[in-house]
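Chain by chain, the residues run as shown.
There are 4 protein chains.
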Amino acid sequence: MEAFSDGVIAIIITIMVLELRVPHGTDLAALTPLLSVFLSYILSFVMLGIYWNNHHHLLHAVSHVDGRILWANLHLLFWLSLVPFVTAWMGENHFASVPVAVYGVVLLAASIAYYILTRALIALHGKSSTLATAVGRDFKGQLSTGIYLAAIPLSLLRWWIGFSLYLLVAIMWLVPDRRIERNLAE
Amino acid sequence: MEAFSDGVIAIIITIMVLELRVPHGTDLAALTPLLSVFLSYILSFVMLGIYWNNHHHLLHAVSHVDGRILWANLHLLFWLSLVPFVTAWMGENHFASVPVAVYGVVLLAASIAYYILTRALIALHGKSSTLATAVGRDFKGQLSTGIYLAAIPLSLLRWWIGFSLYLLVAIMWLVPDRRIERNLAE
Amino acid sequence: MEAFSDGVIAIIITIMVLELRVPHGTDLAALTPLLSVFLSYILSFVMLGIYWNNHHHLLHAVSHVDGRILWANLHLLFWLSLVPFVTAWMGENHFASVPVAVYGVVLLAASIAYYILTRALIALHGKSSTLATAVGRDFKGQLSTGIYLAAIPLSLLRWWIGFSLYLLVAIMWLVPDRRIERNLAE
Amino acid sequence: MEAFSDGVIAIIITIMVLELRVPHGTDLAALTPLLSVFLSYILSFVMLGIYWNNHHHLLHAVSHVDGRILWANLHLLFWLSLVPFVTAWMGENHFASVPVAVYGVVLLAASIAYYILTRALIALHGKSSTLATAVGRDFKGQLSTGIYLAAIPLSLLRWWIGFSLYLLVAIMWLVPDRRIERNLAE
Chain Y
0 MEAFSDGVIA IIITIMVLEL RVPHGTDLAA LTPLLSVFLS YILSFVMLGI YWNNHHHLLH
60 AVSHVDGRIL WANLHLLFWL SLVPFVTAWM GENHFASVPV AVYGVVLLAA SIAYYILTRA
120 LIALHGKSST LATAVGRDFK GQLSTGIYLA AIPLSLLRWW IGFSLYLLVA IMWLVPDRRI
180 ERNLAE
Chain B
0 MEAFSDGVIA IIITIMVLEL RVPHGTDLAA LTPLLSVFLS YILSFVMLGI YWNNHHHLLH
60 AVSHVDGRIL WANLHLLFWL SLVPFVTAWM GENHFASVPV AVYGVVLLAA SIAYYILTRA
120 LIALHGKSST LATAVGRDFK GQLSTGIYLA AIPLSLLRWW IGFSLYLLVA IMWLVPDRRI
180 ERNLAE
Chain G
0 MEAFSDGVIA IIITIMVLEL RVPHGTDLAA LTPLLSVFLS YILSFVMLGI YWNNHHHLLH
60 AVSHVDGRIL WANLHLLFWL SLVPFVTAWM GENHFASVPV AVYGVVLLAA SIAYYILTRA
120 LIALHGKSST LATAVGRDFK GQLSTGIYLA AIPLSLLRWW IGFSLYLLVA IMWLVPDRRI
180 ERNLAE
Chain F
0 MEAFSDGVIA IIITIMVLEL RVPHGTDLAA LTPLLSVFLS YILSFVMLGI YWNNHHHLLH
60 AVSHVDGRIL WANLHLLFWL SLVPFVTAWM GENHFASVPV AVYGVVLLAA SIAYYILTRA
120 LIALHGKSST LATAVGRDFK GQLSTGIYLA AIPLSLLRWW IGFSLYLLVA IMWLVPDRRI
180 ERNLAE
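Protein chains in written order, with numbering that gives the first Met the number 0: chain Y, 0 to 185; chain B, 0 to 185; chain G, 0 to 185; chain F, 0 to 185.
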């Protein structure tokens, strides 16, 4: 399951670059209209990188799976697979309100799918398992879900509020996390 | 063989999203024409997820392979590789009769290819092997093949009959399967 | 090296399907112009399947590699990576002479690259190694190279001569090969 | 981490071929406009091959990772993921000055990202670790960074100076490297 998930995330993160359409001009000005596409690409690259890191870390603590887990995992991959689509829509339309909000909807769904996956894994392994301890209360995960929930309507008011909130989530996860460090060290 | 197959299925499931063409508009109405493409994408994602789960489960019981098996496996991957094409054709034409029927043809061929693969594996491992026991009579597999056979001509009459039958197959496999559970637990 | 090569071949074999452009019509007649693209796709799928099988089998007998081997392998992957391009060119032009000949040039180059890889591996492992025995004289490989050499100019005379010769190579490799069987059984 | 990185590099190296657009003509002359795209493809294939080789070699000496390393690695993959884009821009514009310079900017950024990754790994493993010895002073890596730095402004003067310097770096790495050999032999 880990190899398959890693493969899918690796493909998603890479095919996104196919949305960076080669411009016709040959000067730096030809790259200017691509700026918003490029910014969206960076944000999604980081978001998918965070999912890969967390997912990788989560699966390391897994000792067995059942059919429910396999589908909870595919459910997460489904939402992640939509990231290239919403990234391109948001980027090509220079952060228009609706695409920015829809981008948030996909991130929200992915964060809920991740939550479902962790709960299904804890239900299977038991509340006193290493896995349950490693996941903990997953405060960051729940905070992210909350921020996405707020960001979606706020994007419709001002696109940059939504976008800034997505950035905030990314930065929150990029900051070295002692919990992951500890687990990796063990 | 498992790594290669996992890789191919992971790529097929992911490149399908490239057929979700970014719309030009920036409002929710711009997503409306994509609805049928999106529904087709979900159905195919689930179908490929089912194949991945079953294939994964099948290969776990395999102890050795020969040239025949490698080609029976590539034959299955060939039909699965056509799923993105028929998914896009069906979705972009809002479930027109012929594309819905052709979608069924590819699913039918894939289900037959899967059947051939399991028979070749059982022939190689022996009728009393763990693999033969794990596969069993594969009632669900044969039922799926039968449903596809019926769905193809029925799609030409009314597209939604075919589509509903494909959905039925998907739901039939999504319902927790005690047989797989038992094997995974062992 | 094996995982990377498997990954690259899996991606090449799968992205070829992206060249099967979704037709605009919704009847079976809309698929007719795709027939030559589809035939080319099948041929290339089989050819890449043969390379994957042989490559997989070859690497199983490898015990160590050096920089030379890594590059001989990348050289092979380079030519294989051009298969989707020549497949599409040949298919979209309904087997015009020059594209059929150029398709043969890529197959020829890949077969030479495979030969170089096996020689480099034998040079490294020694002429009395298991690998050298497993590869043997590689009569089929050299015959394939010879057929491609003949097929390229003959394609320019009549496209179907070249195409038939490519088919001949494919069938020659598809026929169960006792040499591979024996090695897989061990 | 190695499997994921291998996967991403395998996908990047392969999707580049999607930029080789199938020409409309059916004679050899139809391939002529593709010549610069093809040359760019070869150069980038070799460059990514070098990164794969070095990265593979580097990770073999790694015994443990932390969050910092995972992100230093993703940072490298980010720049490598832009290679198909700049390759296509450079190739489709027949080596216009600005695209050639921007191609160098991506290579420069990737070489700096690789440097950061090696330093982070050495910081984690200690200056007397096998890894630190294996990496050594990485003279070639630093020389490459220097050549890119020079090539970027020189590309704006004459495109072929920049391009020749990129070729020089590629050749420098292709020449058998006793350091890598020694490590692979151990």
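If you're looking for bench data, these hints aren't it; they were derived computationally from the structure.
A couple of the hints might just be wrong.
Selected chain G positions facing chain F (in silico; Cβ < 8 Å) [to be verified]: (1) Ala-2; (2) Phe-3; (3) Gly-6; (4) Val-7; (5) Val-36; (6) Leu-73; (7) Ser-80; (8) Pro-83; (9) Ala-87; (10) Asn-92; (11) Ala-95.
Take a look, some chain Y residues computed to stay more than 10 Å from chain F by CB distance [to be verified]: (12) Ala-29; (13) Leu-69; (14) Glu-91; (15) Ile-121; (16) Gln-141.
Here are the computed distance ranges between Cβ atoms for each label pair [to be verified]: (17) Leu-167/F x His-23/G: 42 to 52 Å; (18) Ala-122/G x Ser-127/F: 32 to 42 Å; (19) Gln-141/B x Pro-32/G: 34 to 44 Å; (20) His-23/G x Gly-125/B: 43 to 53 Å; (21) Gln-141/B x Phe-37/G: 24 to 34 Å; (22) Arg-67/Y x Pro-152/F: 57 to 67 Å; (23) Val-104/B x His-63/F: 48 to 58 Å; (24) His-59/Y x Glu-1/G: 36 to 46 Å; (25) Leu-173/G x Ser-163/Y: 55 to 65 Å.
Idealized CB from N, CA, C, for every residue including glycine.
Here's how the hints hold up against the structure:
Against a cut-off of 8 Å between C-beta atoms, the interface hint on Ala-2/G holds, since the closest Cβ of chain F lies about 6 Å away. At its closest, the beta carbon of Phe-3/G sits 5 Å from a beta carbon of chain F; the interface hint therefore holds under the 8 Å criterion. For Gly-6/G, the interface hint holds, the least distance from its beta-carbon to any beta-carbon of chain F being 4 Å, beneath 8 Å. With 8 Å as the threshold, the beta carbon of Val-7/G comes within range of chain F, its nearest partner Cβ sitting at about 5 Å, so the hint holds.
Using the Cβ-Cβ criterion of 8 Å, the hint placing Val-36/G at the interface with chain F is not satisfied: the shortest such distance is roughly 10 Å. Using the Cβ-Cβ criterion of 8 Å, the hint placing Leu-73/G at the interface with chain F is satisfied: the shortest such distance is roughly 4 Å. Proximity of Ser-80/G to chain F holds as hinted, the smallest CB-CB distance being about 5 Å (cut-off 8 Å). Hint status for Pro-83/G relative to chain F: holds, with the closest Cβ pair at about 6 Å, below 8 Å.
With a least beta-carbon distance of about 5 Å to chain F, the hint placing Ala-87/G at the interface is held under the 8 Å criterion. Here the hint on Asn-92/G is kept, as its CB sits about 5 Å from the closest CB of chain F, short of 8 Å. The criterion of a C-beta within 8 Å of any C-beta in chain F is met by Ala-95/G, whose closest approach is roughly 4 Å, and the hint holds. Consistency note on Ala-29/Y: stated as away from chain F, yet its beta-carbon is not over 10 Å from all of that chain's, at 8 Å minimum.
The claim that Leu-69/Y lies off the interface holds: its Cβ sits roughly 19 Å from the closest Cβ of chain F, which is beyond the 10 Å cut-off. No Cβ of chain F approaches the Cβ of Glu-91/Y within 10 Å, the least distance being about 15 Å, so the stated non-interface status holds. Every Cβ of chain F is farther than 10 Å from the Cβ of Ile-121/Y; the closest lies at roughly 23 Å, confirming the non-interface assignment. Here Gln-141/Y stays apart from chain F, with its beta-carbon at least about 20 Å from theirs, past the 10 Å limit.
For Leu-167/F paired with His-23/G, a C-beta distance near 49 Å keeps the hint of 42 to 52 Å intact. Between Ala-122/G and Ser-127/F the beta carbons are some 36 Å apart, a value that agrees with the proposed interval 32 to 42 Å. Take Gln-141/B and Pro-32/G: their Cβ atoms lie about 36 Å apart, and the range 34 to 44 Å holds. Checking the proposed 43 to 53 Å range against His-23/G and Gly-125/B shows it holds: the Cβ atoms sit about 51 Å from each other.
Range check, Gln-141/B to Phe-37/G: Cβ separation about 28 Å, and the 24 to 34 Å hint holds. At about 58 Å, the CB distance of Arg-67/Y to Pro-152/F agrees with the hint of 57 to 67 Å. About 51 Å separates the C-beta atoms of Val-104/B and His-63/F, a value consistent with the hinted range of 48 to 58 Å. Range check, His-59/Y to Glu-1/G: Cβ separation about 23 Å, and the 36 to 46 Å hint is violated.
A beta carbon spacing of about 58 Å between Leu-173/G and Ser-163/Y agrees with the range 55 to 65 Å that was offered as a hint.
Violation of the numbered hints given earlier is confined to hints 5, 12, 24; the remaining hints are satisfied by the structure.
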